[in-house]
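Peer 1: Read off the chains here:
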Amino acid sequence: MKKVRNDQFFSNLEKFVNKVYPNQPQRRPYLNLKSWPSPKDEAWKFSRLGNLARKNILPFDFENQQDFNINKLIKDSISLVFVNGKFEKKLSDKLLSEIVIEEVQIEDFKEIINKFDNLSVKNHPTLNSTLSCSEKFFKIKFKNDIKFYKPIEIFNLGGTENTSIHPFIFIDLDKDTDVQIFQHYSTYAGLLAPFEIINLSENSNLEIIKIYDDKINSHNLSLTLSVIKEEANLRSFALIKGGEFTRSEMHTLLEGENSNADINGIYLSSGNQHHDLTSCVYHNVPNCKSSQIVKGVLGEESTAVFQGKVRVEKLAQKTEAKQMSRAIMLSDKAVSNSKPELEIYADDVICGHGATVGELDEDQIFYLSSRGISKQKAKVILIDAFLNEMISLSISDKFHDIIYNKTKTKINKLLTNEYE
Amino acid sequence: MAILEIKNAELSIDNKKILKGLSLNVNEGETHAIMGPNGSGKSTLSYMLAGRDGYELDNGSITFDNIDLTPLSPDERSNLGLFLAFQYPVELPGVSSTNFLREIFNSRKKYLGENELSHLDFIKFLRKVAEDLSIKDEMLKRYVNFGFSGGEKKRFEILQMALLNPKISVLDETDSGLDVDALKIVSEGVNNLKDKKNAVVVITHYQRLLDYIKPDIVHIMSDGKIIKSGDADLALYIEKNGYSEILNEKS
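Chains A and B, in that order, give the protein sequences.
With the first letter of the first sequence counted as 1, position 67 gets the number 66 in numbering that gives the first Met the number 0; the numbers rise by one all the way through.
With the first letter of the second sequence counted as 1, position 47 gets the number 46 in numbering that gives the first Met the number 0; the numbers rise by one all the way through.
Chain B with its partners taken away, still in its complex shape (with noise of 0.2 angstroms):
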């Protein structure tokens, strides 16, 4: 069944069109990856989906479990199951990581009509999920983000995807700035919370991280569309030969 439905999707920023007929269908239990050159509109399509200010589609429609989502604001796709990690985890001086941490499952579990956790619950939980990920508690103890390194950055972000148990996941550029043990932890963390009912959609360069989390359909990005989606191998052939022939071909 369709979890996110993407139809035709074109969006501008100041006047230029960025998505220019984007289509993209993610069924229960897949995991998709979107790979393209820089400037084809992949994180464009992620603060979109988000529901940022100022990404607006233009035309065409997005829909969730059949939910149209464009009239949603970001708190309320979250409440429903959407979960954006993002490229850049922005940083929250004063906002304490375990406060903001538990602000957040909270308000998920009172969105889905299940009882929130007490204070002493919750820590238990928060410290056996941030163990799988290798999370001190002392990281827990700073404010969201301020001063953690690029590998913290990405390892808070799937934690936070695992307390929130999203229906659909898209990870912007997860793979940026980790090294080959980060790239490991954060992998394990989103292979070990996919199940048959939820979707995981990977926005990446490279097919590195498709290493470790194998998708089973690979769309190709390119100048605001899709212009080609294929199996695992097609990420292989992106490695070995580049972008441009799949580019070329096409025009």
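Here chain A stands alone, though its shape is the one from the complex (with noise of 0.2 angstroms):
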């Protein structure tokens, strides 16, 4: 077998636009990466990416010829289906007026991409493939003449092993809205690069769900870079169960006073699955509030990683940051990684920040089995509480349980693994 490259699907990357989009220019930009970052780059340190970079992967280049069932979470939900990184209008709900997906070129958000002044964005992967590859770039609007949003479901599909594909979309809330967002990752991509922009004004609100459940083969390098503004809110959960390889990586820049960023996450975490939580939180100005709480469950040989970086700049006074990582071990043979990093400028601000890594607590275990309750089972109900305790923190209430059964499927399996 010919051995691959380990820049190989760069040059593929190169081939592919320079035959689809010769006349693009503006991509031109975005093929200046050439490789993958290495382990000696601090922000893959802990997330190596070697198994990726030795497939032979190809940008998805076919017509859709599959069909897909979509099962939405909610039942009144407005469904947005991207297949093969290409939004899919028959697959997806009618749209009413009240949303608008409008194309958009690179320039109508390249102002947003600047404002992320870090070499981690401007050298990810996934910003340089997708915005290089991506077919078409959508933004969802949201204004403010509507009241009511119902919940919008995007899934993310399709895929083959040997290809990748690139969703990109920008998120944009008018002033005074308020939507939820569920994000299904479910693909067959061996690497997915979903690009995503969220773009919060004034007093807005957003609540984004992220179900990263794709097939056991798929490497998953999602981008997620957010802006808030005066007054807005950024509730973001990540769920981390699917996969090889899944990184959910988010810059969130609160640039407008009295804004909030909550970007917390579970990750359920078996065989040979590595799991990485990534977030850096800009604090630009003063009085803002972020958390970073992340809590995992590991079993088998399985790795996690949370990187939780807090920046505060000199201007930022009144600062409150919090950052949290709980990891529990059904495994001696699992590895969880937690860098905690705060960078402050700024003299008058409460940053917290905590990590544990252990066990089941076997105080906890006998306690529940004096009282009748078997062994497995009780592993079980205190999994269920560590997790539901970060869910009701996390989530509204009304999603509580959606999220909650959408753990269970994964905890028993890894209960029962380590049985075997």
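One or more of the hints may lead you astray.
[Claimed, not checked] BS3-like cross-link-like pairs, simulated, lysine-lysine; straight-line CA separation at most 25 angstroms:
1) A:K397 to B:K140
2) B:K108 to A:K374
3) A:K374 to B:K239
4) B:K193 to A:K376
5) B:K166 to A:K374
6) B:K6 to A:K376
7) A:K332 to A:K313
8) A:K376 to B:K109
9) B:K127 to A:K407
10) A:K376 to B:K16
Since the hints were made in silico from the structure, they are not lab data.
Every value quoted in this text rests on a predicted model; they were computed, and no experiment measured them.
Both chains come to you apart, so use the hints to assemble them.
Peer 2: What follows is the structure, given as structure tokens:
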């Protein structure tokens, strides 16, 4: 078999872009990235892309022939379906006038990207590959003359083991809007590179729940850049349970006073899975709050990473930033890494961080079993409690059970494998 | 008829002998008190009975209703009808008290082959039992033992005892950390559950609890063994004279 060069994907990508988009010079700057981040790169130290680099992956370039079942979590939600990275109008719900989906050009959101003066954003493989080869760039606009929005469910489907898919979405909330979005990642893609931009105008609220459940051979390198204006609220929650390798990377810029960002998540890792929650929150103005709270359960030989960074600029007095990571290990072969980073230039701030890693508490298991509950059931109860606390804290009550049920099968799998 | 028979129990932890040939018989309808100085092995005895990992016997035997307890796990022992009220009840953040109580109540019912109660019937039943122990609804909405005061934790133990209706209850230092009012509530709770078919073993430092839960037989434990047994007067004697005289008598 021919050996795959480490940068094979990037030359495949360049050939693809030259062939399909010969007259689109705005894509060319994003072809300058020629290789995967190396383990020497601080941002990728704990999440190595060697396995991905060894795959010979091509950007997906066929017509979609497959049928898909769209399994909505919420009955009256509006579904938007992306297959192989392309928006499928036929599979999506009929859009009423309340949501505007429009095609935009890179120029229309470049200014937002440029606000993230950070090398790990600029050199991110998802940003570069998706901006160079995604077929179309879509923006969903939520206008403030609409009183009530139904929840939106965005589905990312399709892909094959040897292809990459590149969905792009720009979520734009007008002033005073209140929106809930579920993002489903359920692809077969060798590489899924979803790039999302979120713009929250004054006094808008976005709750976004991302469910990462790609098939077992997939690499998902999700990247989200968010900009938050005065009095606006971003409530983001990631549930990571699928894929061979899933990294949910979020960069959040608080640029309006009294704004708030909660970037929380849960990972449930089994087999040889690698899960990574990476989050940077930039406090650029005073009187903002943020939290980055992550909990995980790891079994078998899985590995997980939490990288949380908070940067508080000199101007950003009265910042409150909270960071916490807790992991439960069900196997002594699993590995959990936690890397908190606080970069604080203001002097009147409250910033806290902490990390714990441990097994389930033997005293708690004994207490439950002394009441007639089997050891296995006791573990289920304790893990449920551990996750329930997190889910209650992170998302609206009305979505609590939906997300809790999504953790259920994975928890059972983790505990069954532990006993094999 | 004997519910519990311990014969020559020997047990070590980290290669240190803690129980050194302890024997104890508890019959239906009896209340026993085990008293002894710190480090005599009282809590080890309670963990050994409940079947905690690491508290397996080196020698000797324990039977419960003529069933050998030693190979059984803590949940199997609980299902048979053995209950341990913990000296330090364990906090379970994230586990709702009501759900927990319903879970343990129904699993015992199932074991006994009785019908489980519906959610509503259970709540009614729970309210009544809780009221007798001065446990407010608000407490049941909290997580198990989480942020409970010392007295609340002990009352919650007795609430579980009432729901499980065990054949034998071992109360490990249930009086520690209780003021007189709480002590009365807890003791009344235990006394109300007592009948001719079940038994109670009270492990305590002090005679104080025994003013409220009257023992039929008092045992003095020292250095991993029961060194003297007697009636309720033995506890009064200890209260007055301390342990040293009895301990010296033996050595």
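Peer 1: A separate judgement is required for each hint: does it hold in the structure or not?
Peer 2: The hints, checked one at a time:
{"no.": "1", "hint": "A:K397 to B:K140", "in the structure": "19 angstroms, holds"}
{"no.": "2", "hint": "B:K108 to A:K374", "in the structure": "18 angstroms, holds"}
{"no.": "3", "hint": "A:K374 to B:K239", "in the structure": "45 angstroms, violated"}
{"no.": "4", "hint": "B:K193 to A:K376", "in the structure": "30 angstroms, violated"}
{"no.": "5", "hint": "B:K166 to A:K374", "in the structure": "22 angstroms, holds"}
{"no.": "6", "hint": "B:K6 to A:K376", "in the structure": "32 angstroms, violated"}
{"no.": "7", "hint": "A:K332 to A:K313", "in the structure": "43 angstroms, violated"}
{"no.": "8", "hint": "A:K376 to B:K109", "in the structure": "15 angstroms, holds"}
{"no.": "9", "hint": "B:K127 to A:K407", "in the structure": "34 angstroms, violated"}
{"no.": "10", "hint": "A:K376 to B:K16", "in the structure": "33 angstroms, violated"}
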